[in-house]
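Enquirer: Below are the chains, spelled out letter by letter.
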Amino acid sequence: MPGIWIYAENREHALELLNIGRRLAVKMGTTLSALLAGNHDAAPDYIAHGADEVLLLPPLAPDQSHEAYLPVIVDAAKKADLDVFLCTATARGKEFAARIATRLETGLCSSCVALDYDENGKVLQMQRLAYGGAALQKVTCLRRPVMATIPPRASEPATAQDCRKGHVRELPAPPPSAVKVLERKVKMRETKDITEAKVVVCVGRGFEKPEDLALARQLADALGGEVGCTRPISEENHWLPEELCIGLSGVHVKPDLYLGLGVSGQIQHVTGIRNAKVIAAVNRDESAPIFGVADFGIVGDLYDAAPKLIQELKRGS
Amino acid sequence: MPTIIACCKWVIDEAYIRKGSSGNLDFSSVDYKISDYDRNAIEEAVRLKGSHGGTVIAMTVGTPEATKGVKDALSRGPDQACFIADAAFSNLEPSQTAAILADVIRSRFADYDLILCGEGSSDLYAQQVGARMAENLGIPCISFAQKVDLDGERVVAERRVEEGIEVVAASLPALVTVLPEINVPRIPGVKDTLMASRKPVMTIRKEDMTLPHEAFLQTLSMTAARMDRSCEKFSTDAPEITRFVDALRKKAVIP
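From first to last, the protein sequence lines stand for chains A and B.
Counted from 1, the first sequence has number 298 at position 298 by the numbering used here; the numbering is strictly sequential.
For the numbering used here, add 1000 to where a residue sits in the second sequence, where the first one is 1.
In isolation and in its complexed conformation, chain A is listed as follows:
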């Protein structure tokens, strides 16, 4: 059965892909199938959210890596003669998609930010960012299936419809994987998830010493938000953990307000904040690139501006 397939690691991401996949399936006049690993009880839920078919992936042994599913998925995909295959652009999803694409001898649009089906030309046009986010690249795929990875939270989740019907099929058990899992360390978050925050105060290189980060925290508290940082702060200075690093290769945030303190605005960082509703910044350097992408910019020393902002916010509330 030709159609559209989606693969996501968890329910949240699956619902986002189901939303994109459903719209596409209607336009293309085809069906939507969702691969499901882990809790198979979620199959009716996926159907309610738009899947016509749920393909169950049998559970993995403790030392089996996710990639064990590759031959199973590729085999089923070849039989199905797919049109489109979408994966969430998580670490596993990205590796998965690239490897599946290689085995299916097709192209892959990585971190696709927009996907449009042209009904007349019957072509799927995809958009992605390149050059650190400075450029928008439009691509099409010359082979089938058309594959893309979609960043988490790039789409709204699908909404459930009670009466939707679909069928469930179990795929064969995965063979042993070449990569063995020796240990799984579930990350205990030291910090709040900034991807969900309404306000993000971002620490940049303008901060002189780690103690000064208290200033960013106070400002974040006054704004009811969380603290994030640029890559040098986490990677070179180790002042904040990696999961707070915002940018192309870090986390992408979309708060109502992003406020950069001493952030210069390198394109890789800006790519991680481009979906913020309002971008504001404080920087001493009037010609800092951040001012070119900010709605509101304070030209001045963050050590001068931040305490004043905290005071003003307290006064007004």
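Since the hints were made in silico from the structure, they are not lab data.
Heads up, some of the hints might be wrong.
What the hints assert, rightly or not - Partial list, computed: chain B residues near chain A (C-beta under 7 angstroms): (1) SER1143; (2) GLY1164; (3) VAL1167; (4) HIS1213; (5) PHE1216; (6) THR1219; (7) LYS1233; (8) ALA1247.
On a predicted model such as this, the values are computed, not experimentally measured, just so you know.
C-beta: ideal position from N, C-alpha, C; glycine also.
Since the structure of chain A is already known, use the hints to place chain B on it.
Expert: Okay, now just chain B, sitting in the frame of chain A:
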């Protein structure tokens, strides 16, 4: 003693790309650099050689102009380089780059033990070449590693996944893509640069290769990404701070 291949790409430094008046990209004043994340791959390869001995080969595919990149890569510690150069290799798609690299590794460096790649290139950042190359070569692939080491006949790595970290192992030969936080790449000094020009470089041309490498993706356009923001400026004077906070309140982004 392991043979480690570190793959790298010579790319346009995106910091020099200007937005043209018609929304085009202005490449007129650009400079080039070794892709940021590939510096971590090279550094890690050299670090592994430091603890296990062996040989590090820097490998790149690109246009003949990328010869500067080969020298840059060699100044970061590898023993030798393999430069796959052709004027036709200017806008390769990830599947092509991966196929070309795999082709050369298979035919010229068949006794390799480990291939290291950056997590993605700083220009396209498609993050596909490593995984695709592993598939092309039929070897284990470990992506997004924040720690990697060799343990006899296997590679052990910590990779970052959605729910935390997986410590994984695979038998050699294998391919690992590394995250930027795995190490801090060195900044080559004058001596390193001088030494680099004395290291051996194997150059391979398109006609030396056996397989055709066709593109699967077609780029329709590459334009400047738009960020339409109001770019209003304020100072740190008290009334200006008040005006700034009011502006945020008006946008209803703060209480």
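Enquirer: Work down the list of hints and note, for each, if the structure agrees.
Expert: Hint-by-hint comparison with the structure:
1. With its C-beta approaching chain A no nearer than about 4 angstroms, B:SER1143 sits inside the 7 angstroms limit, and its interface hint holds.
2. Because the closest C-beta pair between B:GLY1164 and chain A is about 4 angstroms apart, less than 7 angstroms, the hint holds.
3. Among the interface hints, the one on B:VAL1167 holds; its C-beta lies about 4 angstroms from the nearest C-beta in chain A, closer than the 7 angstroms criterion.
4. Evaluation of the B:HIS1213 hint against chain A yields a violated restraint, the C-beta minimum of about 12 angstroms exceeding 7 angstroms.
5. With a cut of 7 angstroms, the hint placing B:PHE1216 at the interface with chain A holds, because the nearest CB-to-CB distance is about 3 angstroms.
6. A least Cβ separation of about 5 angstroms between B:THR1219 and chain A falls short of the 7 angstroms threshold, and the interface hint therefore holds.
7. A cut of 7 angstroms between beta carbons decides the hint on B:LYS1233: the least distance to chain A is about 5 angstroms, and the hint holds.
8. For B:ALA1247, the interface hint holds, since its Cβ comes within 7 angstroms of a Cβ in chain A; the closest pair sits about 5 angstroms apart.
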